[in-house]
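Asker: Here's the letter readout for the chains.
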Amino acid sequence: MASVARDIARGREPRELLPTGTPLRLVEADGQAVRPSDLDLPDDDVLLALHRNMVLARRFDTQATALTRQGRLAVYPSARGQEAGEVGAVLALRPQDWLFPTYRDSMAIVCRGVDPVEVLSLLRGDWHCGYDPYEYRVAPQCTPLATNTLHAVGVARAARLKGEDTVALVMLGDGATSEGDTHAALNFAAVWQAPVVFFVQNNGYAISVPLSKQSAAPSLAHKGVGYGVPAMLVDGNDAAAVYAAVQRAVAAAAEGRGPTLIESLTYRIEAHTNADDATRYRDQDEVDGWLARDPLARIRQHLLARGLLDEPAIAALDAEAEAEAAALRRRMNADRGHDPADLFRYVYAEPTPDLRGQQQELSAELAAAADEPEVSR
Amino acid sequence: MTAIAERGHAREVATPEVTMAAALNQALADALSEDETVLVFGEDVGPLGGVFRITDGLAAKFGEARVFDTPLAESGIVGTAIGMAMNGLRPVVEMQFDAFAYPAFEQIVSHLAKFRNRTRGRVALPVVIRIPYGGGIGGVEHHCDSSEAYYAHTPGLRVVTPATPGDAYALLRQAIECPDPVIFLEPKRRYWSKQAVVLDHVGTNPKTLDQAVVRRAGSDVTLIAYGGTVGTALEAAEAAAEEDRSIEVIDLRSLSPFDDETVTASVRRTGRAIVVHEASRFCGYGAEVAARLSEQCFHYLEAPVLRVTGFDIPYPPPHLEEYHLPSVDRILEAVDRLQWQETRPAVKAGG
Numbered sequence: 336m337a338s339v340a341r342d343i344a345r346g347r348e349p350r351e352l353l354p355t356g357t358p359l360r361l362v363e364a365d366g367q368a369v370r371p372s373d374l375d376l377p378d379d380d381v382l383l384a385l386h387r388n389m390v391l392a393r394r395f396d397t398q399a400t401a402l403t404r405q406g407r408l409a410v411y412p413s414a415r416g417q418e419a420g421e422v423g424a425v426l427a428l429r430p431q432d433w434l435f436p437t438y439r440d441s442m443a444i445v446c447r448g449v450d451p452v453e454v455l456s457l458l459r460g461d462w463h464c465g466y467d468p469y470e471y472r473v474a475p476q477c478t479p480l481a482t483n484t485l486h487a488v489g490v491a492r493a494a495r496l497k498g499e500d501t502v503a504l505v506m507l508g509d510g511a512t513s514e515g516d517t518h519a520a521l522n523f524a525a526v527w528q529a530p531v532v533f534f535v536q537n538n539g540y541a542i543s544v545p546l547s548k549q550s551a552a553p554s555l556a557h558k559g560v561g562y563g564v565p566a567m568l569v570d571g572n573d574a575a576a577v578y579a580a581v582q583r584a585v586a587a588a589a590e591g592r593g594p595t596l597i598e599s600l601t602y603r604i605e606a607h608t609n610a611d612d613a614t615r616y617r618d619q620d621e622v623d624g625w626l627a628r629d630p631l632a633r634i635r636q637h638l639l640a641r642g643l644l645d646e647p648a649i650a651a652l653d654a655e656a657e658a659e660a661a662a663l664r665r666r667m668n669a670d671r672g673h674d675p676a677d678l679f680r681y682v683y684a685e686p687t688p689d690l691r692g693q694q695q696e697l698s699a700e701l702a703a704a705a706d707e708p709e710v711s712r
Numbered sequence: 003m004t005a006i007a008e009r010g011h012a013r014e015v016a017t018p019e020v021t022m023a024a025a026l027n028q029a030l031a032d033a034l035s036e037d038e039t040v041l042v043f044g045e046d047v048g049p050l051g052g053v054f055r056i057t058d059g060l061a062a063k064f065g066e067a068r069v070f071d072t073p074l075a076e077s078g079i080v081g082t083a084i085g086m087a088m089n090g091l092r093p094v095v096e097m098q099f100d101a102f103a104y105p106a107f108e109q110i111v112s113h114l115a116k117f118r119n120r121t122r123g124r125v126a127l128p129v130v131i132r133i134p135y136g137g138g139i140g141g142v143e144h145h146c147d148s149s150e151a152y153y154a155h156t157p158g159l160r161v162v163t164p165a166t167p168g169d170a171y172a173l174l175r176q177a178i179e180c181p182d183p184v185i186f187l188e189p190k191r192r193y194w195s196k197q198a199v200v201l202d203h204v205g206t207n208p209k210t211l212d213q214a215v216v217r218r219a220g221s222d223v224t225l226i227a228y229g230g231t232v233g234t235a236l237e238a239a240e241a242a243a244e245e246d247r248s249i250e251v252i253d254l255r256s257l258s259p260f261d262d263e264t265v266t267a268s269v270r271r272t273g274r275a276i277v278v279h280e281a282s283r284f285c286g287y288g289a290e291v292a293a294r295l296s297e298q299c300f301h302y303l304e305a306p307v308l309r310v311t312g313f314d315i316p317y318p319p320p321h322l323e324e325y326h327l328p329s330v331d332r333i334l335e336a337v338d339r340l341q342w343q344e345t346r347p348a349v350k351a352g353g
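Chains as they are written, first to last, in our numbering: chain A, 336 to 712; chain B, 3 to 353.
The following block holds chain A by itself, in its conformation from the complex (with noise of 0.2 Å):
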């Protein structure tokens, strides 16, 4: 009879899947590189890339926010001062990999060439998702937490076994962490290997509660090791670091080397939402401290140090974002006609007996309506 015991190490060493002590930086705060890193500083033409759409991506965020106190948007979850982590993530990818984000992630979504007004189509309140996933191969904004860590692995593993080189990084949270899904997807993408990248963005809450409250663990990227799946942990604020962690995550995937887990610490500025108020939960103080760490600040300073830009191009760059905002004002502000038939167009391929009937008293009720003599006033 074989032996009972079980062999206990059955993968790879628990050493190499832990996360660093400190997040990887390749950037500091004040624009120096670091010297040495663990990370390989990206080429001029990506910092560069990296500057460039997060002063798009920064001004379209702060359109957005504009745009929800007009009344324009029902709501807006701004993701101001993690422009690192939104756009450094994005680039990373390649042509033929899948992007999975949340509903914070509009920025990302941008950076990924999806045009700004399909984009706002669920949070203007004209349709659920404005834009054609398989396009940009862009999944539609997720609203419940950590599901779409699941779809991430399912496309991920359908695509080896197709003998596609696709990868699929799914975007979440601090919060998102505590829920059953992350903890299912994790688990699935590592039993099967699946070419995924879990990119966890750390803005320090979830809402209101604070990470001291989600997880007593060492950090997010520590869960990994459990899973036996790699993990990063990388500064949020720092473009050219997720950059290049992600870049070697999706390099790995590829590669056949299964998920990896990076958490990108960071900091949400805003409040949750324009209906959240965040002075009840935190101090100006600690604002302040991670607007002093700003990200796109960083970045610039470093490329100004280098000579790699300069005061001109940074004021044709802040011209170009105005001009995109401004057209992204205009096209908002055009009323868009909505067609109440849509709402049984789409539920099956082809709409059931009770659902042509439903449109029928619809359509019934609008005649009656559109009937009646106007009020006079």
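Treat the hints with care, as some may be off.
Among the chain B residues that face chain A by a calculated CB cut under 10 Å, a handful are [said to hold, decoys possible]:
| hint | residue |
| --- | --- |
| 1 | Thr-39 |
| 2 | Ser-77 |
| 3 | Val-80 |
| 4 | Ile-84 |
| 5 | Gly-85 |
| 6 | Asn-89 |
| 7 | Pro-105 |
| 8 | Gln-109 |
| 9 | Ala-115 |
| 10 | Thr-121 |
| 11 | Arg-122 |
| 12 | Ala-126 |
| 13 | Asp-182 |
| 14 | Ser-258 |
| 15 | Phe-260 |
| 16 | Asp-262 |
FYI, nobody ran anything at the bench for these hints, they're computed from the structure.
A virtual CB, placed ideally from N, CA and C, is assigned to each residue, including glycine.
Add chain B to chain A, keeping to what the hints say.
Answerer: Coordinates of chain B only, in the frame set by chain A:
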């Protein structure tokens, strides 16, 4: 019966009997053979062949890339099936028992059912979720739930349940080919029921996925049943015939969408109807059927539509389940209450 000529003499060869379990197994095997995008996965469905052996032999025949065991997490099974369907595959997943599907409920209700709608039809999810459901097998708690109403109440899902081996084959093949997500409820106490039938899903009636069927013709009362209770309703009809009462039995097959045409045509003819299901009564599937009949057949009804169902209790332990499940006697007793003597309905509550 299939007639074949042999040595000049016509000889009748009996169609072999198959169990529902074997029919489901054959449906999965044929779908895997004919469509390389079909995958079968879940808990213990690989080398073991599933706890009910529905997937017996499939992993060996089609390989563990297409028929495989997953980690033990139902939300993970359905969540990853959604992703695989997004990427062009047709997953057929197994929930081991009815009550063990509840961890997957969020994935089913918030994502599987809604993806097509939220993306304006751009992302279709042709996923089949097979769920052995219902009682009558002496199962301990959490193994005997009738969970159909939860799924039927959710727009975007189709909910199907076969009552015979022939339908089990045809409906599962059609469910796998269907572009919509299908909750496929298998009445586990009928897994070992047998029928002499040629397994086929395109020949006689390719649209059976959303059509009810008259299992027994009758003129006095319509019994409306599905899944595990169809057999019980047929037994009741047989017993009633001995007392010269002619009962029609309808097998709904599709719980969502609902086949009004078949059901209302029958009830308008008989004027009396009883819905029979194992699930508890309050807000149960029978309430929907009774409401539809009230809306569409009111002037044809000679008596209120009655429900013969499980009680409004958590599913009982094995030694008590016989008191809970709709029985032939309980159905016949309900038939007797259908106001046969009265020309005008008496003024009293209910039936």
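Asker: None of the hints should be skipped; say for each whether it holds.
Answerer: Evaluation of the provided hints:
1. Thr-39: holds (9 Å)
2. Ser-77: holds (6 Å)
3. Val-80: It holds, given that the least Cβ distance between Val-80 of chain B and chain A is near 8 Å, below 10 Å.
4. Ile-84: holds (5 Å)
5. Gly-85: The hint holds - Gly-85 of chain B has a Cβ within 10 Å of chain A, the shortest such distance being about 2 Å.
6. Asn-89: holds (4 Å)
7. Pro-105: holds (8 Å)
8. Gln-109: holds (6 Å)
9. Ala-115: holds (9 Å)
10. Thr-121: Nearest chain A Cβ about 5 Å off; hint holds.
11. Arg-122: holds (5 Å)
12. Ala-126: holds (7 Å)
13. Asp-182: holds (5 Å)
14. Ser-258: With Cβ-Cβ at 8 Å, under 10 Å, it holds.
15. Phe-260: holds (7 Å)
16. Asp-262: With Cβ-Cβ at 7 Å, under 10 Å, it holds.
In this structure, none of the earlier numbered hints is contradicted; all agree with it.
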